[in-house]
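Use these hints to put chain B onto chain A, whose structure you have.
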Amino acid sequence: MSNPMDKFKATFREEAFELLSHLEDGLLELESQPLNGELINAAFRAIHTVKGSAAMFGYDSVSKFAHEMETALDLCRNGTLSITKEFIGLALKGRDQLRQLMEFEGVIPDDIAIEGASLLQRFKDFAAKAKPKEASAVAVSVVAEKSPGAEGETRATEAPLAEAQLELSYRISFKPSKGIFKNGTRVLNLVEELSNLGRADIIPHLELVPPLEALDPECCYAWWEAILTTAAGENAIKDIFIFVEELSELKIETLRGELGGKAKPLGEILIDRGDVSRDDVREALGSQRKLGEVLVENKLVSRPQVESALVEQEHLKKVQERVDSGTNSIRVASDKLDALVDLVGELVTLQARLAQTSIDISDASLASISEQFERLISQLRDNTMSIRMLPIGSTFNKFRRVVRDLSLELGKEAELVTEGADTELDKTVIEKLGDPLVHIIRNSVDHGIESPDARVRAGKPRAGVIKLAARHSGAYVLIQVSDDGKGLDREAIRAKAIERGLIFPNQEIADQELYNIIFEPGFSTAKAVTSVSGRGVGMDVVKREIDSLGGTAQLTTKPGAGMTVTLKIPLTLAIIEGLLVRIAGEFFVVPLSTVDGCIEIRNDQLGALGERRIINYRDELVPYIRLRGFFACGNSETGGKDEAEPEIEQIVIASAQEYRVGLVVDQVIGDYQIVIKPLGRMYRDVDGVSGATILGDGTVALILDVNRLALVVQRESGLKAAAGGA
Amino acid sequence: MSGESNGKYLAFELAGQCFAVDVSRVEVVLETAPITRVPKAPPHLRGVINYRGAVIPVADLRIRFGDGSTSSSDGSSIIVLQVRYGQEDLTIGMLADAVREVIDLDPSRIERPPQIGSRIDDALISGIGERAGEFIVVLDIDEAFKAEAAAGERGAEQR
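Protein sequences appear in the order of chains A and B.
Quick note on the numbering used here: the first sequence kicks off at 1 and runs consecutively.
Quick note on the numbering used here: the second sequence kicks off at 1001 and runs consecutively.
So that you can see chain A by itself, here it is in the shape it has in the complex:
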């Protein structure tokens, strides 16, 4: 970066890429709303900015190309030409071309240059259409109605369209009747469903709950208020409560007018909610103390009412902050962020060492320093991790393009709808999710969605819908890709699985397990190999990528109604909680999120090394594996340490996918924060181990790959059972 120009250039490129990706989103949206003047304007502005700054930094080919696109778009903007599907297709290709031109700075490969020339010509042809058309009839008259002078008019007609996407805030009060429990309604589930719609703050009201002696446990005394900001619309909210409408009092109010302005004062909110009169507020304000306190003291409102109003205020403030956040964010190079995370990782490791040392020394003052240090570091860790969190929506747009291009190529009609685009995930996780999701979505378009005619025959709308939804679930994010296509053909999969020797011909296998065979390498039921899929690469790639992220993939399907792939991905890859265990002097870590519990077992009840058995854990039969045998621990010939097994061993019960599995270890030591380090490519695909971490004493411990171990155990016990049954 000796040349200051280089630095500007880098910034320019970064911004141009961003603009081009906005342009892509805009064009795709424009395709479904071709008359939306705002969208045309936005696309025009994006291309105009790219053109201007490209010229400034000497990217002549870029600016020349952008100029032709701009000309064409301008004709659409002023209403001379109308936006057609073909134009959108052309503009999207043009956008890709611009991107490529940016990437090959200076030297442009021939094929791209040729492609560019032909695109350029097409833009010119398109623009040339303008003149004769102006004179001629039909198209112009349609456009003309829209165009005259009227930004305002256009907006007015487009408003309902835009509104569907707009986020609104609602105040929902839900008072279930006392007897609601008696018909088996789980009231809390309903309330929780609200938070799935968007950002929700839920305020439980318990003031009607009577003292214990008067309380009838079968009655519902509580009621709830929720402040919800969502794009889903009022009907979606009503749908949640549709089955309890009769039994409860439901009030939904829109808080829309307050968006965009400043946060309302508490008094206004209370008046708005009808909790208190304006005069009372004015009087209370006169006393120069906290308004809420005064109103409660004077018994004008109850404390819960004030608290609920405060929550509402806070919620709206946050929503507003999000709206404004564009101005409050800074751009940081991602490698700086990575370096920060690495440093925090080292701190966590060092802290583990400090904690260990302070235990060894057993000095009270050192222990207290170490504990404070630990608290600070864990806060620092959480903060740093949250910086790396990005909304997954940034990748969703890429998929919209995939669906569009692919369905066009295959002569199908399909549309991608997304949900939960603001679900946040670690940056590195998002980057690694891109490819697997593309595979799944391509698979859905190719195998799932039927041709328009076939869909009509089956009584479905011509255009298929692929839904991409993301939401948080504990320390995981669930990402679902579902389509309304024809679903999986159970018998075809079964036949193929038998043919490939994955199951026995007469083996009974649960649907769930059968469908998961799709993730096996080289498995495809497609009868013909197409350019899109059928080669059986794809779903196994998905599986491998998701495994490497420490996640799981699951598939459900309904014949004729489509299928759903659910990916469960950990929020972060860098630092996790782990359970440290010891086997014959060697240390291993089990990711704590997979651990269900630990039980002790006498050594003589375990059976021979390497043999797999079943144990009863909370009334469930769980197969277990003796890691000592599996990993050849306690045996110096294989490089382990000679150490006999203890009399009492421990079984860590861990769950992976839908299975539970027991891992027999010598001793469970405790739970630690661990920084995940890759094992490197020399140890790629080593069985049963997914990574490594550095312990407090500086030695390395291996992290167990619970998914993999569970699969090994489940397969062997499953096959044994099947062989026994057959």
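Honestly, I wouldn't trust all of these hints.
Taking lysine-lysine pairs in the DSS-like style, the calculated list, with each CA pair at most 30 Å apart, reads [to be verified]:
1) A:K432 with B:K1146
2) A:K432 with A:K460
3) A:K336 with A:K264
4) B:K1008 with A:K432
5) A:K398 with A:K558
6) A:K427 with A:K9
7) B:K1040 with A:K568
8) A:K558 with A:K467
9) A:K7 with A:K318
In short, the hints are calculated from the structure, not lab data.
If you're wondering where the values come from, they're calculated on a predicted model, not measured in any experiment.
Frame of chain A, contents of chain B only:
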């Protein structure tokens, strides 16, 4: 490979033979570091160690350069090397029975290995030098570890 012309090499012993590697590739020599075994890995990969907060693999070339058996003596030192592998730079530890010193070898005096009479695969050797009447085998570490890593990946695939 510009670094290889400066004539400075680190000499070490492995299975009774003296070897040398280009000193510009050597990060550090660790006298003691607890090696964590990675189960189910091929035998020439001895495990992993903590090197400045990163987890790096430790390879044992004795299996390739020695008489083929795993030496019972635990290497007393680990030489940490920068290795070029495909498109990326890897940091790798290599076990050595004893590390001697940094020596000067005149590049022009390093000769191609003889075609016969060597039990060492000559693709892994960039030449043989002589110092004080002793032959010193100069390793081409990129080639040596390419073979090691490939073996590791093959081993993994076979399972």
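**Prompt:** Can you list which hints this structure breaks, lowest number first?
**Reply:** 2, 3, 4, 9
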